[in-house]
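Asker: Residue strings, one per chain:
2 protein chains.
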Amino acid sequence: MLHFGNSKTTDKKPLKVKNDSSTIEIGVVGLGLMGTSILVSLLVSGHKVIGIAPLPADMDGALDRIQSQLNHASEAGLLKEDVSKYLERLHLSENYEDLRNCLLVQECVTEVIAIKTEVYKKITQNTESSTVIATNTSAIPISTLQENVSLPSRFIGIHWAEPAYMTRFLEVTKGEETDEEIAKWVLELAYTWNKEPTYLKKDIRGFVTNRMLYAVYREMFAILENGEASMDDIDKAFRYDPGSWMTYMGLFKRMDQMGLTDYKEIFENLFPQLNNSQTVPPTMQKIVIEKGKGVNNGKGLYCYTKEEAVKWEEDFKNFNHEIFQLAAQYPEINN
Amino acid sequence: MLHFGNSKTTDKKPLKVKNDSSTIEIGVVGLGLMGTSILVSLLVSGHKVIGIAPLPADMDGALDRIQSQLNHASEAGLLKEDVSKYLERLHLSENYEDLRNCLLVQECVTEVIAIKTEVYKKITQNTESSTVIATNTSAIPISTLQENVSLPSRFIGIHWAEPAYMTRFLEVTKGEETDEEIAKWVLELAYTWNKEPTYLKKDIRGFVTNRMLYAVYREMFAILENGEASMDDIDKAFRYDPGSWMTYMGLFKRMDQMGLTDYKEIFENLFPQLNNSQTVPPTMQKIVIEKGKGVNNGKGLYCYTKEEAVKWEEDFKNFNHEIFQLAAQYPEINN
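Going down the list, the protein sequences come from chains W and V. Positions in the first sequence are counted from 1; adding 20 to them yields the numbering used here. Positions in the second sequence are counted from 1; adding 20 to them yields the numbering used here.
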């Protein structure tokens with residue numbers, strides 16, 4: 021049993037993860053693609069979920085998307101009951117008052133500080149002072165967002181990957197003022213969601229995955245723009261080399277598997293050659309000017325016909341099932 | 021039909037990829053784990069293969085390993101005939117003269133320039149002047165190695181990933197003096213090996229994959245050593261986020277899938293925060309001093325009992341089948 025927060029300002033409601041999930045009510049504010057995907061993950065885990073649409077327009081299509089995502093989860097064998105049973109535990113609303121019984125509220129609205137701040141104000145006005153508030157941001161520091169939340173110690177980063185109900189990824193980030201006990205509670209809860217959470221003890225820009233991916237992006241745009249290899253060839257190299265083992269192990273473990281002997285020398289030779297640019301690659305600048313939105317409008321780093329884009333997303337949905345099942349067969353060692 | 025090389029010094033023997041593979045004889049010099057793995061990939065593709073052990077000791081265990089790798093390939097459904105049929109097309113020897121009919125000789129000996137140079141001398145003395153010579157190096161520039169080969173235009177980088185017969189990865193690197201036609205021939209040949217080759221037009225350090233991976237290594241050691249996240253958590257983040265889509269697509273395509281809209285801003289914010297170190301991370305220095313060899317001696321970035329190490333490698337072997345089959349179901353789009 022965990023108590024946390026300042027005793028003068030909280031009502032000391034105990035948070036118990038070990039409880040049946042159905043007794044823990046969770047709110048999700050923001051019903052875009054990511055929001056509904058997170059919401060479905062929480063429904064799948066047995067929670068009662070209150071989904072809040074910050075704008076009336078956000079309600080459009082939300083229920084359809086949730087149903088379709090639940091069907092996807094069902095086809096992947098993730099559900100113990102009929103889809104209808106999960107929908108019974110769902111309540112969609114535009115009224116923040118409906119969050120009143122939530123122990124946790126997950127925000128996933130657009131990446132604009134002013135908008136998020138407004139959302140936090142509405143959440144805190146309508147929930148208990150002990151309610152944990154989490155953001156899905158991947159761009160804004162938790163410590164910055166936290167400044168605008170009353171009782172910032174109960175504010176934390178919970179960052180999901182799409183599709184949230186089909187990946188085990190979750191990044192939990194402690195802001196400067198976040199209570200350590202809250203972080204522990206969230207991590208414990210995350211395991212009940214069937215996640216393998218990464219705990220980020222300091223609130224660094226981009227968290228873990230984005231920092232690592234952006235380090236790759238920086239290098240790969242340099243290789244492309246120096247005319248050393250084509251976009252397609254760079255993609256193939258990563259798909260067929262790291263893509264053939266990364267589902268099985270992380271990168272430190274991969275180094276152990278390769279035997280460690282050559283790395284020191286390669287570090288010495290290669291680090292000084294890596295790109296250290298601090299500016300946006302011209303290729304990306306150009307796309308932004310041309311309003312490329314990738315698969316969404318067929319105009320991106322590659323071009324896609326409408327048929328290709330649809331087929332590709334459809335295939336990826338199937339792939340998601342399979343990679344999820346495959347990863348599940350190979351649990352972590354050493355932890 | 022392709023002719024290449026200097027007409028004064030070569031015998032203009034035409035190289036035809038379209039031929040039945042069994043008529044193209046290929047040599048592999050160096051019979052370590054990587055060497056036999058490459059050799060098996062070539063056998064599986066139907067070639068007659070001459071395996072040369074540069075030192076008598078290298079012959080120890082080579083045949084056993086080849087048999088076991090062929091069995092692995094067979095279990096994975098990669099063979100059209102019995103393992104014994106492939107072994108009939110194999111000739112292991114310590115005598116470089118046996119390379120005489122090879123159109124291509126792949127070197128995969130240790131990463132020491134002097135040793136490689138000695139090997140190239142023996143290869144060129146015992147083969148036709150038109151024989152293509154390839155190195156599997158991942159550490160030494162092709163242009164450097166090429167300086168020590170007579171008729172350097174027929175020298176090229178062909179870099180494989182382990183297990184060579186189970187991945188579609190292959191990096192083909194043109195050195196400064198490599199004939200463009202030779203590169204084309206190798207790429208064409210690589211498709212007959214069931215690979216998805218990446219062509220590196222300029223001879224950059226670390227080629228494509230290593231540059232990209234080392235960009236990640238640099239960042240992840242920084243995150244670890246700054247106490248921002250644990251090794252295990254960093255590994256989990258990469259395994260469960262990129263590991264859940266990388267088999268399906270490369271990174272440029274992933275950006276297209278995510279819609280491209282936020283990247284420019286994140287580049288601007290994140291690039292200046294990334295690690296630009298040029299020195300070997302202390303964690304790696306320490307392991308080298310302590311003679312850690314990862315899974316090989318149980319002492320690495322993680323520690324492994326002997327049982328764990330064996331079980332883990334065994335699991336990885338099974339995983340290899342499955343990821344190979346899975347990737348095969350989702351062919352490339354846009355190329």
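Read the hints as simulated data drawn from the structure, not as lab findings. Being a predicted model, the structure only gives us computed values, none of them experimental. Keep in mind that a hint or two might mislead.
The list treats identical chains as one, so a pair stands whether inside a single copy or across any two.
As a list, the in silico DSS-like pairs of lysine-lysine whose alpha-carbon atoms are at most 25 Å apart [said to hold, decoys possible]:
| # | residue 1 | residue 2 |
| --- | --- | --- |
| 1 | K142 | K313 |
| 2 | K319 | K306 |
| 3 | K68 | K319 |
| 4 | K319 | K222 |
| 5 | K221 | K331 |
| 6 | K100 | K306 |
| 7 | K105 | K142 |
| 8 | K284 | K306 |
| 9 | K337 | K141 |
| 10 | K319 | K284 |
| 11 | K105 | K68 |
| 12 | K68 | K331 |
| 13 | K331 | K313 |
| 14 | K100 | K221 |
| 15 | K105 | K221 |
| 16 | K313 | K284 |
| 17 | K68 | K313 |
| 18 | K337 | K100 |
| 19 | K142 | K284 |
| 20 | K105 | K306 |
| 21 | K105 | K331 |
| 22 | K313 | K222 |
| 23 | K319 | K142 |
Asker: Decide, hint by hint, whether the structure agrees.
Answerer: Right, here's what the structure says about each hint:
no.: 1; hint: K142 - K313; in the structure: neither (32 Å within a copy, 55 Å between copies)
no.: 2; hint: K319 - K306; in the structure: within (12 Å within a copy, 48 Å between copies)
no.: 3; hint: K68 - K319; in the structure: neither (39 Å within a copy, 46 Å between copies)
no.: 4; hint: K319 - K222; in the structure: neither (37 Å within a copy, 28 Å between copies)
no.: 5; hint: K221 - K331; in the structure: neither (40 Å within a copy, 32 Å between copies)
no.: 6; hint: K100 - K306; in the structure: neither (48 Å within a copy, 49 Å between copies)
no.: 7; hint: K105 - K142; in the structure: neither (30 Å within a copy, 73 Å between copies)
no.: 8; hint: K284 - K306; in the structure: between (38 Å within a copy, 10 Å between copies)
no.: 9; hint: K337 - K141; in the structure: neither (36 Å within a copy, 53 Å between copies)
no.: 10; hint: K319 - K284; in the structure: between (41 Å within a copy, 16 Å between copies)
no.: 11; hint: K105 - K68; in the structure: within (11 Å within a copy, 61 Å between copies)
no.: 12; hint: K68 - K331; in the structure: neither (34 Å within a copy, 40 Å between copies)
no.: 13; hint: K331 - K313; in the structure: within (17 Å within a copy, 45 Å between copies)
no.: 14; hint: K100 - K221; in the structure: neither (35 Å within a copy, 53 Å between copies)
no.: 15; hint: K105 - K221; in the structure: neither (37 Å within a copy, 57 Å between copies)
no.: 16; hint: K313 - K284; in the structure: between (40 Å within a copy, 12 Å between copies)
no.: 17; hint: K68 - K313; in the structure: neither (35 Å within a copy, 49 Å between copies)
no.: 18; hint: K337 - K100; in the structure: within (20 Å within a copy, 32 Å between copies)
no.: 19; hint: K142 - K284; in the structure: neither (52 Å within a copy, 30 Å between copies)
no.: 20; hint: K105 - K306; in the structure: neither (48 Å within a copy, 55 Å between copies)
no.: 21; hint: K105 - K331; in the structure: neither (31 Å within a copy, 40 Å between copies)
no.: 22; hint: K313 - K222; in the structure: neither (32 Å within a copy, 31 Å between copies)
no.: 23; hint: K319 - K142; in the structure: neither (38 Å within a copy, 52 Å between copies)
In the structure shown, a violation is registered for the earlier hints numbered 1, 3, 4, 5, 6, 7, 9, 12, 14, 15, 17, 19, 20, 21, 22, 23, in ascending order.
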